[in-house]
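Chains as they are written, first to last, in the working numbering: chain A, 3 to 116; chain B, 604 to 717.
A couple of the hints might just be wrong.
Sample of chain B residues at the chain A side, in silico, Cβ under 8 Å [stated by the list, open to error]:
(1) Tyr636
(2) Lys645
(3) Val646
(4) Phe648
(5) Ser651
(6) Glu659
(7) Ser661
(8) Phe694
(9) Val704
(10) Glu705
(11) Gln706
(12) Tyr707
(13) Phe708
(14) Gly709
(15) Pro710
(16) Gly711
List of simulated lysine-lysine pairs, DSS-like, C-alpha gap at most 30 Å [to be verified]:
(17) A:Lys73 x B:Lys660
(18) A:Lys19 x A:Lys108
(19) A:Lys19 x B:Lys645
(20) A:Lys108 x B:Lys681
(21) B:Lys645 x A:Lys61
(22) A:Lys59 x B:Lys645
(23) A:Lys5 x A:Lys59
(24) A:Lys19 x A:Lys65
(25) A:Lys61 x A:Lys5
(26) A:Lys57 x A:Lys73
(27) A:Lys5 x B:Lys645
(28) A:Lys108 x B:Lys660
(29) B:Lys645 x A:Lys57
(30) A:Lys5 x B:Lys686
(31) B:Lys681 x A:Lys5
(32) B:Lys660 x A:Lys5
(33) B:Lys686 x A:Lys108
(34) A:Lys57 x A:Lys5
(35) B:Lys645 x A:Lys108
(36) B:Lys660 x B:Lys645
(37) B:Lys645 x A:Lys65
(38) A:Lys73 x B:Lys645
Keep in mind the hints are simulated off the structure, nothing from the lab.
C-beta atoms are modelled at their ideal positions from N, C-alpha and C, and glycine is treated no differently.
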Amino acid sequence: SQKIEQNSEALNIQEGKTATLTCNYTNYSPAYLQWYRQDPGRGPVFLLLIRENEKEKRKERLKVTFDTTLKQSLFHITASQPADSATYLCALDGPGGGADGLTFGKGTHLIIQP
Amino acid sequence: EPEVTQTPSHQVTQMGQEVILRCVPISNHLYFYWYRQILGQKVEFLVSFYNNEISEKSEIFDDQFSVERPDGSNFTLKIRSTKLEDSAMYFCASSEIVGTVEQYFGPGTRLTVT
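Let the hints inform the model, and build the full structure from the sequences given.
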């Protein structure tokens with residue numbers, strides 16, 4: 003079955019710096035990889051999706067890369083702010099496309115210190 | 604902005620009782636999902652639903668669970684004979700069409716089984 007590993011349980015970053023989060027996966031070649039944000043006691047919120055034939059995707063201060071050879075995605079937040087503090091989840095699609103459930107990693111807890 | 608809603612926000616039930624968790628997906632979405640998240644653990648896929656039938660289910664989704672779309676707006680998860688280990692946050696999600704695989708999550712229902 004698919005396995006997703008995210009780089010650490012907590013990452014402390016100084017405000018204004020770039021935060022880089024890692025997602026590694028095994029036993030699967032996904033068509034998509036997604037990143038979600040989750041705040042305590044809340045549901046995940048979709049941030050970015052990158053397809054297997056895309057190397058990089060950007061949205062405002064967010065950037066995602068996808069290396070299907072390394073089976074790794076990197077998620078960057080530039081000019082980080084305390085409001086970016088949250089848990090960030092990496093998710094893979096299932097083999098059947100849009101109707102399949104997502105497989106989530108356990109998430110990286112990001113703390114942006116003022 | 605349209606959003607997924609869930610009721611109740613918190614449900615307390617005794618072991619062995621039946622519970623129904625309710626969700627109203629985004630109105631033009633066609634795919635519906637239930638996930639659960641045990642405290643401190645990752646978000647886990649339970650079931651997906653499309654065209655009034657189950658599309659995919661995980662190993663967690665056994666005979667204790669059922670889903671239904673009783674009308675044009677609601678999507679429910681029924682858990683029969685609840686167990687202590689069913690205590691978790693249950694998230695409903697929806698997505699628009701095949702190929703648009705980002706999922707939109709509700710705020711969750713916290714289920715506590717005593």
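So, going through the hints one by one against the coordinates:
Because the smallest distance between the Cβ of Tyr636 (chain B) and any Cβ of chain A comes to about 6 Å, under 8 Å, the interface hint for this residue holds. Hint on Lys645 (chain B) holds. Least Cβ distance to chain A is approximately 4 Å, under the 8 Å limit. Proximity of Val646 (chain B) to chain A holds as hinted, the smallest CB-CB distance being about 4 Å (cut-off 8 Å). Evaluation of the Phe648 (chain B) hint against chain A yields a held restraint, the C-beta minimum of about 3 Å falling below 8 Å.
For Ser651 (chain B), the shortest C-beta to C-beta distance to chain A is roughly 5 Å, which falls under 8 Å, so the interface hint holds. Because the beta carbon of Glu659 (chain B) sits about 5 Å from the nearest beta carbon in chain A, less than 8 Å, this interface hint is met. Annotation: interface hint on Ser661 (chain B) holds; nearest CB of chain A at approximately 7 Å, less than 8 Å. Interface hint at Phe694 (chain B): satisfied, since its Cβ lies 5 Å from the closest Cβ of chain A, which is below the 8 Å cut-off.
Proximity of Val704 (chain B) to chain A holds as hinted, the smallest CB-CB distance being about 5 Å (cut-off 8 Å). Look at Glu705 (chain B): its Cβ gets to within about 4 Å of chain A, closer than 8 Å, so that hint holds up. For Gln706 (chain B), the shortest C-beta to C-beta distance to chain A is roughly 6 Å, which falls under 8 Å, so the interface hint holds. Here the hint on Tyr707 (chain B) is kept, as its CB sits about 7 Å from the closest CB of chain A, short of 8 Å.
Residue-level restraint check for Phe708 (chain B) holds (minimum Cβ-Cβ distance to chain A is 3 Å; threshold 8 Å). A hinted interface residue such as Gly709 (chain B) counts as satisfied when its beta carbon comes closer than 8 Å to some beta carbon of chain A; here the least separation is about 5 Å, so the hint holds. Hint status for Pro710 (chain B): holds, given a least beta-carbon distance of 5 Å to chain A, under 8 Å. Checking Gly711 (chain B) against chain A by beta carbon gives a least distance of about 5 Å; that is within 8 Å, so the hint holds.
Our distance criterion of 30 Å between C-alpha atoms is met by Lys73 (chain A) and Lys660 (chain B), whose separation comes to about 25 Å. The hinted pair formed by Lys19 (chain A) and Lys108 (chain A) meets the criterion: a straight-line CA distance of about 24 Å does not exceed 30 Å. For the proposed pair Lys19 (chain A) and Lys645 (chain B), the alpha carbon gap of about 27 Å is at most 30 Å, so the pair holds. Only pairs whose Cα atoms come within 30 Å are accepted, and Lys108 (chain A) paired with Lys681 (chain B) is accepted, the gap being roughly 26 Å.
For the suggested pair Lys645 (chain B) and Lys61 (chain A), the alpha carbons sit about 25 Å apart, so the restraint of at most 30 Å is met. Proposed proximity of Lys59 (chain A) and Lys645 (chain B) is supported: the alpha carbons are some 25 Å apart, at most 30 Å. For the given pair, Lys5 (chain A) sits about 23 Å from Lys59 (chain A) by alpha-carbon distance, which is consistent with the 30 Å threshold. For the given pair, Lys19 (chain A) sits about 14 Å from Lys65 (chain A) by alpha-carbon distance, which is consistent with the 30 Å threshold.
At roughly 27 Å between alpha-carbon atoms, Lys61 (chain A) and Lys5 (chain A) fall within 30 Å of each other, so this suggested pair holds. Of the pairs offered as hints, the one joining Lys57 (chain A) and Lys73 (chain A) holds, with about 12 Å between alpha carbons and a cut-off of 30 Å not exceeded. Among the hinted pairs, Lys5 (chain A) with Lys645 (chain B) is consistent with the structure: their alpha-carbon atoms are about 12 Å apart, no more than 30 Å. The straight-line distance between the Cα atoms of Lys108 (chain A) and Lys660 (chain B) is roughly 20 Å, inside the 30 Å bound, and the hint therefore holds.
Restraint check for Lys645 (chain B) and Lys57 (chain A): the C-alpha separation of about 26 Å stays at or below 30 Å, so the hint holds. With a CA separation close to 27 Å, the supplied pair Lys5 (chain A) and Lys686 (chain B) stays within the 30 Å bound. Taken as a hint, the Lys681 (chain B) and Lys5 (chain A) pair is honoured in the structure, with Cα atoms around 28 Å apart against an allowance of 30 Å. The suggested pairing of Lys660 (chain B) with Lys5 (chain A) holds, with an alpha-carbon distance near 18 Å, which does not exceed 30 Å.
Under the criterion of a C-alpha separation no larger than 30 Å, the hint pairing Lys686 (chain B) with Lys108 (chain A) is consistent with the structure, at around 24 Å. For the hint linking Lys57 (chain A) to Lys5 (chain A), the alpha-carbon distance of about 21 Å falls within 30 Å, and the restraint holds. Annotation: proposed proximity of Lys645 (chain B) to Lys108 (chain A) holds, straight-line Cα distance about 4 Å (limit 30 Å). Between Lys660 (chain B) and Lys645 (chain B) the alpha-carbon distance is near 17 Å, which keeps this suggested pair within the 30 Å criterion.
For a cut-off of 30 Å, the pair hint linking Lys645 (chain B) to Lys65 (chain A) stands: about 23 Å separates their Cα positions. At roughly 20 Å between alpha-carbon atoms, Lys73 (chain A) and Lys645 (chain B) fall within 30 Å of each other, so this suggested pair holds.
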